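Engineer: Generate the whole structure from the sequences, applying the supplied hints.
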Amino acid sequence: MLPALREASRQVYLRSREQKKLDELQDAILDEQYLFEGIELTAKEKEEFRYKRTVLELAKRGAEDLDSFEEYRMPESYDREGKVKQDRRFAVALERYKDVDGENEKMNPFAEQEAWEEHQIGKAKLQFGAANRKKKDDYEYVFEDQIDFVKADLLEGFNEDDMEMEEAEIKKSAEKSAFMQLQEERKTLPIYRYRDELLQAIDDHQVLVIVGETGSGKTTQIPQYLHEAGYTKKGRIGCTQPRRVAAMSVAARVAQELGVKLGHEVGYSIRFEDCTSDKTILKYMTDGMLLREFLGEPDLASYSVMMVDEAHERTLSTDVLFGLVKDIARFRPDLKLLISSATLDADKFSDYFDKAPIFNIPGRRYPVDLLYTKAPEADYLEAAVVTVLQIHVTQPAGDVLVFFTGQEEIEAAEEILKARTRGLGSRIAEMIICPIYANLPSDLQAKIFEETPEGARKVVLATNIAETSLTIDGIKYVIDPGFCKQKSYNPRTGMESLIVTPISKAAAQQRAGRAGRTSPGKCFRLYTAWSHQHEMEDNTVPEIQRTNLGNVVLMLKSLGIVDLVHFDFLDPPPAETLIRALEQLYALGALNDHGELTKLGRRMAEFPLDPMLSKMIVASDKFKCSEEIVTIAAMLSVGNSIFYRPKDKQVHADNARMNFHTGNVGDQIALLKVYDTWKETNYSTQWCYENYIQVRSMKRARDIRDQLEGLLDRVEIEPSSSPNDIEAIKKAITSGYFYHTAKLQKNGSYRTVKNPQTVHIHPSSGLAEVLPRWVVYFELVITTKEYMRQVIEIKPDWLIEIAPHYYKKQDVEDASSQKLPKGTGRAVMD
DNA sequence: GAGCACTGC
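The first sequence begins at 1 in this note's numbering and counts up one residue at a time.
Some hints could be false.
[As the list claims (entries may be wrong)] Restricting the straight-line Cα-Cα distance to at most 20 Å, the calculated cross-link-like pairs of lysine-lysine (PhoX-like) are:
no., residue 1, residue 2
1, LYS809, LYS754
2, LYS679, LYS699
3, LYS743, LYS731
4, LYS785, LYS487
5, LYS731, LYS622
6, LYS808, LYS743
7, LYS795, LYS622
8, LYS731, LYS754
9, LYS785, LYS485
10, LYS326, LYS355
11, LYS795, LYS731
12, LYS795, LYS754
13, LYS485, LYS505
14, LYS743, LYS785
15, LYS624, LYS673
16, LYS743, LYS809
17, LYS374, LYS418
18, LYS279, LYS261
19, LYS673, LYS647
20, LYS647, LYS418
21, LYS743, LYS754
[Claimed, not checked] Computed beta-carbon distance windows for the label pairs:
no., residue 1, residue 2, range
22, GLU454, ARG427, 14 to 24 Å
23, ASP568, LEU470, 30 to 40 Å
24, ASP706, LYS808, 39 to 49 Å
Rather than coming from a laboratory, the hints here were simulated on the basis of the structure.
Small disclaimer: the values here were computed from a predicted structure and weren't measured.
Beta carbons are placed, not taken as given, at the ideal position from N, Cα and C, and that holds for glycine.
Structural biologist: Take a look at the structure:
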């Protein structure tokens with residue numbers, strides 16, 4: 001099996017090298033031809049000639065790098081079952097490779113250029129202008145079959161002449177007053193001509209699925225139309241968004257269009273910021289915020305219309321919302337429900353909402369040519385870099401956006417790109433490389449929004465952040481290697497991991513669309529048309545099916561939903577995930593034997609946190625350290641992005657971090673120390689820099705902390721503080737996390753007590769070299785090993801003191817022959 | 001002795 005795989009990889013490698021050599025040869029022949037015929041070139045032709053030479057040079061540099069290819073692509077690492085690990089991408093590439101001799105022969109992003117070259121060689125005559133026109137025809141012919149679905153979209157959706165006219169109209173109206181101008185602009189949106197039809201449809205049906213691509217104006221216009229039609233007399237109109245910035249900016253825009261002050265008639269509501277008032281009739285909010293609102297108003301009584309926007313994104317919150325609003329619609333016939341989505345899932349939504357009719361609104365987007373590779377690319381990083389360079393020297397002006405899976409790849413690509421363009425000086429245009437990913441410090445992120453100087457080209461290297469969360473103007477070329485990192489959750493072990501996965505067709509379409517926002521564009525897909533057609537899933541697995549549902553289950557329980565396993569989910573999560581979440585809630589004492597919420601459970605549900613964190617906070621009351629625990633909860637829920645660890649200063653960063661671990665107090669206590677020290681510096685940014693701490697994360701922790709502190713009152717917890725009683729703080733943590741206990745084994749690894757399995761302390765932990773006998777951990781992650789992240793040492797006696805229903809004396813005795821507890825006592829609280 | 005896709009409450 002493995003030797004075969006190796007051999008196959010060798011073949012892929014040889015094949016790609018061979019192809020490269022052929023390309024070079026072809027170029028060389030062409031070059032000689034110029035000289036041989038002694039043709040005088042015009043300035044423009046010379047420029048093209050220079051470009052070609054540069055391409056050649058770049059290709060040669062690429063070929064040198066190929067020598068390291070084999071080792072780079074074929075690491076000798078296997079997973080626990082002995083299968084080849086990590087290189088799932090390789091396996092995928094291999095699958096694609098099978099098809100090389102098949103129908104894909106003509107799918108090559110540079111077929112354009114090759115066709116042109118063949119043509120040139122044949123004619124042995126130089127006619128650049130004519131050749132350019134010709135190559136376009138060739139190219140279109142070659143790719144015709146592959147663009148059917150996007151092409152259909154483009155032809156129907158949008159006509160460039162219309163657009164120009166509309167733009168001219170907008171310009172004309174610029175002379176009118178700002179308000180009048182806005183009103184004119186509203187009328188140019190594609191949705192405008194469907195206004196009456198749409199209102200009629202909403203009037204006729206309780207639930208309507210609205211399909212409209214970005215740019216159709218649905219998010220800003222529909223609530224206004226409904227207001228104009230009088231719906232706001234019966235209650236406010238709500239519109240949910242998956243992201244905070246979207247909710248804010250859309251609300252601001254609509255307030256402007258209606259000529260009212262933001263926060264009055266039009267407002268938005270997001271976490272940490274409620275910009276609404278009694279007057280608010282159009283309310284934009286994040287989907288998570290609406291979920292929270294459900295707790296206080298389970299029938300949405302104050303709303304006459306609820307619009308769930310961007311439903312196709314299928315965030316965890318939208319999926320939960322679907323189940324809830326569908327239920328409400330049954331006993332509130334006066335409530336109108338609008339589900340709005342970009343094209344792909346409309347039928348599915350319609351079926352789910354009892355065959356609700358679908359209303360189509362065309363979008364406004366420029367056409368994007370889709371180009372596929374001829375043969376599969378075994379090394380997409382290299383392929384992406386080469387494609388960037390090729391675009392840079394052969395394609396007209398316009399910025400480039402490349403999708404990578406993470407920071408590491410982005411940094412690698414940046415380095416290679418810099419190395420290959422180094423020393424070319426003025427022979428190629430300036431290339432501005434902009435990396436962008438969520439953990440990049442904000443000042444460096446801002447770089448992508450700077451306008452590209454005349455004559456230069458911006459190359460944005462991005463993670464999935466550029467797929468939905470931010471849009472960059474001026475992008476004309478998208479390079480899509482076809483992978484992303486996806487979270488997956490194993491309910492059996494309770495472990496989370498990030499896995500590099502092929503993207504879905506829907507995601508690929510979204511990525512391609514990024515090239516056509518401001519002008520027609522091109523999308524270079526680094527996989528074959530065949531594999532796009534036959535191997536990629538239609539849609540990404542919705543988040544609800546690959547995440548821990550602890551807090552979702554707690555929230556649904558507090559809404560009084562008894563039978564969660566049969567709850568009407570659009571796509572039900574795995575039963576095991578639900579069962580594990582329920583089990584955990586039992587163990588924590590949030591549910592009684594009948595599966596109903598206990599008083600403790602109701603208090604826990606008040607916090608927008610994982611059940612274990614909530615339990616920890618509620619328990620802190622007893623140990624008189626709520627101040628400290630709230631800080632720890634806030635720091636833990638910010639995630640693992642607190643410590644900044646740049647590649648070139650890892651030692652400094654590690655030293656700085658270890659300062660907070662003095663006394664081997666454990667990671668959670670260290671986080672507390674980080675926060676308190678920061679607070680003492682009066683929340684100094686400078687201090688963060690000096691200690692290699694992410695300012696953004698700390699500010700977030702402060703926001704969360706403030707919110708949690710505000711909620712203490714609601715669950716009747718008196719603020720209390722015991723900053724020097726580490727034991728009390730650790731006991732409070734254990735009250736939430738006794739479920740996550742692990743015991744040291746002879747070989748230095750740990751064994752978890754619940755679901756016995758071998759785990760290790762994460763090397764970033766302050767206790768990684770201390771190895772206490774008993775630990776409680778915050779979470780389990782799989783990377784190169786199974787790691788416990790954020791651990792503290794505990795005394796086993798605490799377990800019996802804190803969770804007597806869960807641990808018996810023999811469970812925590814240290815005799816190594818003792819069998820570890822298995823499925824010990826169900827919850828017997830209350 | 002390691003690796004942090006992206007949101008959201």
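Engineer: What hints, given by number in increasing order, does this structure fail?
Structural biologist: 17 and 19
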